[in-house]
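Fit chain R to the supplied structure of chain W, relying on the hints for placement.
Note that the protein sequences, when read in sequence, are chains W and R.
Quick note on numbering: the first sequence equals residues 1 to 309 in the working numbering.
Quick note on numbering: the second sequence equals residues 1001 to 1277 in the working numbering.
Simulated from the structure, these hints should not be mistaken for lab results.
This one's a predicted model, so the numbers in the text were calculated from it and none came from an experiment.
Yeah, the Cβ is synthetic: ideal placement off N, Cα and C, and Gly gets one too.
Treat the hints loosely; a few may be bogus.
Across the chosen pairs, the derived CB separations fall in these ranges [claimed, not checked]: (1) R:Arg1215 to W:Pro143: 42 to 52 Å; (2) R:Ser1044 to W:Asn196: 24 to 34 Å; (3) W:Arg31 to R:Val1022: 55 to 65 Å; (4) W:Val45 to R:Gly1129: 45 to 55 Å; (5) W:Gln38 to R:Ser1044: 29 to 39 Å.
Here are a few chain R residues that face chain W, going by a calculated C-beta distance under 8 Å [said to hold, decoys possible]: (6) Arg1077; (7) Phe1092; (8) Leu1125; (9) Trp1185.
To give an idea of the chain W side of the interface with chain R (calculated C-beta under 8 Å), a few residues [said to hold, decoys possible]: (10) Ser208; (11) Ala211; (12) Arg213; (13) Ala215; (14) Lys234.
The chain contents come next:
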Amino acid sequence: MLMGRRPVWYGLGMAYAAAARVRDAPPAAERLLAWARQGGLLLAVLGVLWGLWELFRWAGEQTGLHIGQFRVNGTTFPHLHDIFMTLGEPSRRNGPMLIEVLRDSAFVTAKEAAAGFALGASIGFLIGVVLVHSRLLQRGVLPYIVASQTVPILAIAPMVVVWLGGRGLPSWFSVAVIAAFLTFFPVTINTLRGLNSADPRALELMRSYAAGRLAVLVKVRVPASLPYLFAALKISATASVVGAIIGELPASVGGGLGNAILNFNQYYSSAPNRLWATNLIAATLGIAFFLAVVVAERIVVRRAPENVA
Amino acid sequence: MIAEQTVVSLEGVRKEFGRGGVVALEDIDLDVRAGAFVSVIGPSGCGKSTLLRIVGDLIQPTAGEVVVNGKSAHRARLDRDYGIVFQDAVLFDWRTVERNIGLPLEMTGWSRQRRAERVRELLELVELGGFERHHPWQLSGGMQQRVSIARALSFSPSLLLMDEPFGALDEMTRERMNLELLRIWEQTGSTVIFVTHSIAEAVFLSTRVVVMSPRPGRITGIVDVDLPRPRGNETREQPRYAELIRDVRRTLRRGGGFEEEADAGSETDLIVAEEGL
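Excised from the complex, chain W in its bound form (with noise of 0.2 Å):
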């Protein structure tokens, strides 16, 4: 609802519905009351998320509480009200309505997001089923790995947008590149970690059927991993798109979420509610990757019900 159009969190809805049905479902009325449950939930942790906000700021000005430069008032801390008010107004004189502007950055960060994260993802699986195949690779290459995640990727963003648009590609291939840099590690660690997860008996079992590698491989370890991968695919979910924002703000990418945020952050003084609205819709872009992971979990795992996370 928040995106404007109704096809996204519709689908979304629509896939996790189909999931729950696979599984041996409750009867119906259950099913509603466990619904109704945890929409009330939800409803009543927004509240008191807001009433801390509210209280926070109405305190600071109360007290004129500040951290070092920092003080708590109407610019530093808008109203959550306004904030979503600024959604429906106008962006600009008798321009569209700002939540259209971000509906559209948003499709732009996410389909950065998505390529980013894809390409991470197999890439990550992919080293972590090499390396689980022999522990010289994985003594040799894996600190250069870890390592890798400690380049700072605001400092490297740029040489990756100049080394690929140099070779033609287009720069959002770049933002997914760099979305991509973040997405890996979590799935190579979680994947190594899943493969070797496989129970020994069953590695036992396998050999019996005289199985080779792939066969291992395809029928244990991999089936055997997707827990954990799918520990390493949520988090890495959220990471590809913030990764995907960070990209966009050296890149110059036009029209995507970074770029709004570079945007309205310059008018913020004048118009926070603006910045405060796209983080806002930055947030529900990830939780929107993070519940397409969740989704595609329900599908594809098939463990004991005490054995899902």
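Frame of chain W, contents of chain R only:
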């Protein structure tokens, strides 16, 4: 297959773990004939599971010769000459009962349709018809173990290796599974090597009981079980059954592995048996 044919032959098998370390098995000589049901019994640490894995070529002996179906154990494994069942069912959670049983057939390239037919037969054999689409976690321990047995039998191996398959089940389920296993063995005519902790179970099921002692693992004696077949619940009430249990027990004691053999089930059985005599 000729009745007198030897399916498994071990000669001078020795197994050390680690460099010059613990001797798990020493001087193991054993012949298993086609169609036999041979139990291997002994206290923990006597190397009986190791022995089973050597027959299955899952670990290599340090010395000695292992012949399975007239070829090396390695060749026999590659030819898929045996099926194996572990103490836990080791079913794959992500596969249905049907696809768990069909797994070995999938590996040998059976078509989907042939697999489905064979799986149906097997489910009937282990009396789990109608559970095709269930996932392992929806079954009880005994049912899971039956699925695991069906899986081991799927490609009709001439040899079935069982490593304490009913060790994790309660006594009631275990006795029922014993009866089922006998029925399956009689129906399929396969050869079984059955590792167990329970004297009563070994005597009840087997044609021969191989008794082992620990540190290093050796064969202390072999008890031939001449109880009439088919065996059933009344078998457990025969005096000969009690005698055989005592024989196995004495052989175990001779091997010095008796104190560690504190299986509650066999303990009770012995008391009942001796009072009856």
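Should the interface hint for Ala211 (chain W) be scored as holding, given a Cβ-Cβ cut-off of 8 Å against chain R? Because about 6 Å separates Ala211 (chain W) from the closest Cβ in chain R, which is inside the 8 Å limit, the hint holds.
Would the stated hint for Phe1092 (chain R) survive a check requiring a Cβ distance to chain W of less than 8 Å? holds, 7 Å
How about Lys234 (chain W): closest beta carbon in chain R under 8 Å, or not? violated, 19 Å
Return the status of the interface hint for Arg1077 (chain R): holds when the least beta-carbon distance to chain W is below 8 Å, violated otherwise. holds, 6 Å
Can you tell me whether the CB distance of Ser1044 (chain R) to Asn196 (chain W) sits inside 24 to 34 Å? Roughly 28 Å apart at Cβ, these two residues keep to the hinted range, so it holds.
Status of the Ala215 (chain W) interface restraint (C-beta, 8 Å, chain R): holds, 6 Å
Consistency of beta-carbon spacing, Gly1129 (chain R) to Val45 (chain W), with hint 45 to 55 Å: With a Cβ separation near 49 Å, Val45 (chain W) and Gly1129 (chain R) satisfy 45 to 55 Å, so the hint holds.
Interface hint compliance - Ser208 (chain W) to chain R, C-beta minimum distance less than 8 Å: holds, 5 Å
Would the hint on Leu1125 (chain R) stand, with a C-beta cut-off of 8 Å toward chain W? Leu1125 (chain R) check fails; min Cβ-Cβ to chain W is 20 Å, beyond 8 Å.
Distance restraint hint 29 to 39 Å, applied to the beta-carbon atoms of Gln38 (chain W) and Ser1044 (chain R): At roughly 49 Å between Cβ atoms, Ser1044 (chain R) and Gln38 (chain W) fall outside 29 to 39 Å, so the hint is violated.
With respect to the beta-carbon atoms only, verify the hint that Arg1215 (chain R) and Pro143 (chain W) lie 42 to 52 Å apart. holds, 43 Å
Are Arg31 (chain W) and Val1022 (chain R) spaced within 55 to 65 Å by their CB atoms? This hint holds: roughly 56 Å between Cβ atoms.
This entry does not satisfy hints 5, 8, 9, 12, 14, going by the numbered hints stated previously.
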